Amino acid sequence: MEPAKTTYSPLRTSNLAIGYTGGNRLTVVQQHLDLELFPGEMVCMIGPNGCGKSTLLRTLAGLQRPITGSVLIEGKNLETLSVRDRAELLALTLTDRVEVDKMSVYEIVAMGRYPYTNRFGKLTAADKEIVAEALTQVHLEEKASRYISELSDGERQRAMIAKVLAQSTSLLFFDEPTAHLDLPNRVSIMLLLKKLAQNTGKAILLSTHELELAMQVADKLWLMNDRGVRIGTPDQLIADGSFESVFKSDQFFFDAKTGRFTVNVSF
Amino acid sequence: MSRNLILFSVLIFLCLLLTLADIAFGSIAISWHNVWQTLVHPSSDSLYRDILIDFRLPKALTAILCGAALSVAGLLMQTLFRNPLAGPDVLGISSGASMGVALYVMATSWWSVSLLQSSWGMVGAAVLGALLVLMLTLSVATRIRQSVTLLIVGLMFASVAGAIVSILQNFSNPDAVKLFVVWTFGSLSAVTWAQMELLVPIILVGLALTFLMQKSLNAMLLGEHYARGLGISVTAVRIAIIVITGVLAGTITAFTGPIAFIGVAVPHLARGLFGTSDHRIAIPGTILCGAALLLLCDVISQQTTYPLPLNAVSALFGAPMIIWIVLKQR
Chain Y
130 MEPAKTTYSP LRTSNLAIGY TGGNRLTVVQ QHLDLELFPG EMVCMIGPNG
180 CGKSTLLRTL AGLQRPITGS VLIEGKNLET LSVRDRAELL ALTLTDRVEV
230 DKMSVYEIVA MGRYPYTNRF GKLTAADKEI VAEALTQVHL EEKASRYISE
280 LSDGERQRAM IAKVLAQSTS LLFFDEPTAH LDLPNRVSIM LLLKKLAQNT
330 GKAILLSTHE LELAMQVADK LWLMNDRGVR IGTPDQLIAD GSFESVFKSD
380 QFFFDAKTGR FTVNVSF
Chain R
6 MSRNLILFSV LIFLCLLLTL ADIAFGSIAI SWHNVWQTLV HPSSDSLYRD
56 ILIDFRLPKA LTAILCGAAL SVAGLLMQTL FRNPLAGPDV LGISSGASMG
106 VALYVMATSW WSVSLLQSSW GMVGAAVLGA LLVLMLTLSV ATRIRQSVTL
156 LIVGLMFASV AGAIVSILQN FSNPDAVKLF VVWTFGSLSA VTWAQMELLV
206 PIILVGLALT FLMQKSLNAM LLGEHYARGL GISVTAVRIA IIVITGVLAG
256 TITAFTGPIA FIGVAVPHLA RGLFGTSDHR IAIPGTILCG AALLLLCDVI
306 SQQTTYPLPL NAVSALFGAP MIIWIVLKQR
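First to last, the sequence lines map onto chains Y and R.
Each residue of the first sequence is one higher than the one before, starting from 130 at the first, in the numbering used here.
Each residue of the second sequence is one higher than the one before, starting from 6 at the first, in the numbering used here.
FYI, nobody ran anything at the bench for these hints, they're computed from the structure.
The reader is advised that the hints may include incorrect statements.
One side only, chain R facing chain Y, incomplete, derived with CB under 10 angstroms [to be verified]:
| id | residue |
| --- | --- |
| 1 | 54 |
| 2 | 217 |
| 3 | 226 |
| 4 | 279 |
| 5 | 283 |
| 6 | 312 |
| 7 | 313 |
As the structure is a prediction and not an experimental result, all values here were calculated from the model.
Every residue, glycine too, gets a C-beta built ideally from N, C-alpha and C.
Start from the sequences, fold in the hints, and give me the full structure.
Given below as structure tokens:
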């Protein structure tokens with residue numbers, strides 16, 4: 130079922146070029162990007178290593194500057210917004226593993242309220258309610274008082290998702306949320322994010338290597354390789370042969386009929 | 006919360022008790038009765054007045070300030086570098102302060118002796134020396150992300166500072182060298198009441214600023230990207246941490262000489278005791294634990310006929326604590 134399409138889009142880019150400068154050299158990873166995210170929609174970014182998934186996510190989040198073009202968040206140019214204003218518009222998790230000794234799940238999730246609390250981080254009753262709700266949404270309410278270092282990898286990822294939810298933004302970004310997880314946890318995290326998009330109307334963008342999983346749960350895919358980004362629903366991208374061309378290899382091939390990759394064993 | 010309240014009460018009581026002990030015990034035995042009489046009537050012109058009011062009381066106050074300041078400086082460094090072994094001395098801040106003081110003492114000894122009497126000069130030189138090393142370490146830190154590398158760099162800066170001090174000593178007159186060497190032993194008894202008027206406000210301002218930064222410090226624990234994602238201006242926070250650490254550790258080191266291990270060990274003690282890394286609890290906890298531990302070190306160092314060097318006592322306590330931390334980590 131297609132989510133209701135509105136003209137309103139919380140995130141929009143126009144003629145965006147992304148990349149990085151190392152020393153004096155400018156490396157453009159992707160260019161001419163016109164991207165949009167819609168409320169209640171879960172978009173999965175997929176592509177081989179080095180195609181710029183992380184760079185794009187970090188640029189959209191304002192952690193690094195675009196080379197040309199602009200990122201508009203709720204109509205405002207990201208580069209003109211203060212760090213604090215950005216934190217009220219978008220929230221994200223990164224691949225950086227959080228290694229904090231003696232910090233409880235509740236304390237971490239409550240940090241999501243930092244853009245709104247006073248200098249001392251004092252939580253109001255409303256803040257506490259939002260934190261409790263975020264914990265419930267990721268099913269961690271019973272582990273709220275445990276140290277984050279005591280959690281399993283899957284629970285830890287759910288705690289980071291709750292922190293992002295507590296930030297009460299309309300845009301949520303996740304950089305490889307299923308990395309380092311076993312299959313049941315990968316599926317449960319993806320389903321959790323899908324449900325969150327549907328129930329809360331937030332726009333969710335995530336990067337992942339879970340091709341088959343993403344094809345089944347994503348509302349839309351951003352299929353990336355070094356030549357550009359193809360956008361569409363999984364069905365559209367299968368039909369127009371995008372999968373085959375993006376993941377071209379001698380070692381495996383994409384079967385459009387079954388929607389699966391098959392390893393070329395005889396190779 | 007109630008458990009924290011009990012812990013805070015116990016620590017405050019412990020600090021008061023140790024302060025009294027620090028004042029009451031010393032190389033000259035004074036009965037409790039006389040200690041009490043002198044403290045209650047400080048204006049009386051007795052023999053004990055000089056010892057208690059002008060010597061032991063400022064020494065106890067220095068122990069509290071020094072323990073608190075070095076421990077908070079250590080806490081700030083551990084949060085900034087997200088490394089459990091960071092501390093003012095490990096990253097070369099104390100060595101930088103030593104270099105500043107050595108330069109000042111030896112350079113001014115060629116010029117004029119009257120400049121040496123100025124407490125501003127010593128404090129300024131130590132703060133500048135500490136900030137210099139900290140800036141160098143940080144400029145490297147932005148390029149290298151691995152904390153182990155950073156510790157090596159800090160140690161190397163400390164070695165360079167030490168080498169410069171040796172060269173300076175080689176060219177200085179013996180009086181200046183002696184003045185500097187005595188300073189490096191670490192002592193809480195060098196601070197006069199006049200200097201206290203300078204030391205107390207600087208340390209209190211440093212500690213107050215740390216309290217104001219607790220939210221940003223918590224966010225920094227998650228890493229710089231996450232902190233930025235939560236609306237924290239990471240660069241401003243980083244600079245603030247460096248300046249506060251430099252002022253706290255630099256000022257204390259100027260007055261007491263380098264005191265080892267307290268800055269690294271106490272934050273762990275406080276976090277372990279209160280069971281949280283939340284700076285809202287960890288900052289006051291670190292202040293109290295630091296004050297109590299250094300008072301205890303000072304009381305112990307006074308138990309012999311000739312007071313033991315404070316550095317030796319703090320190392321005897323601090324080094325095993327660091328070993329325990331390392332073993333507990335892995």
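The hints, checked one at a time:
1. For residue 54(R), the interface hint is violated, since its Cβ never comes within 10 angstroms of a Cβ in chain Y; the closest pair sits about 43 angstroms apart.
2. The interface hint given for residue 217(R) is met, as the beta carbon of that residue sits about 6 angstroms from the closest beta carbon of chain Y, less than 10 angstroms.
3. Residue-level restraint check for residue 226(R) holds (minimum Cβ-Cβ distance to chain Y is 5 angstroms; threshold 10 angstroms).
4. Interface hint at residue 279(R): satisfied, since its Cβ lies 8 angstroms from the closest Cβ of chain Y, which is below the 10 angstroms cut-off.
5. Checking residue 283(R) against chain Y by beta carbon gives a least distance of about 6 angstroms; that is within 10 angstroms, so the hint holds.
6. Because the beta carbon of residue 312(R) sits about 37 angstroms from the nearest beta carbon in chain Y, more than 10 angstroms, this interface hint is broken.
7. Contact between residue 313(R) and chain Y, as hinted, is not supported at the beta carbon level, the nearest pair being about 33 angstroms apart and thus beyond 10 angstroms.
Consistency note: the structure conflicts with the earlier hints numbered 1, 6 and 7.
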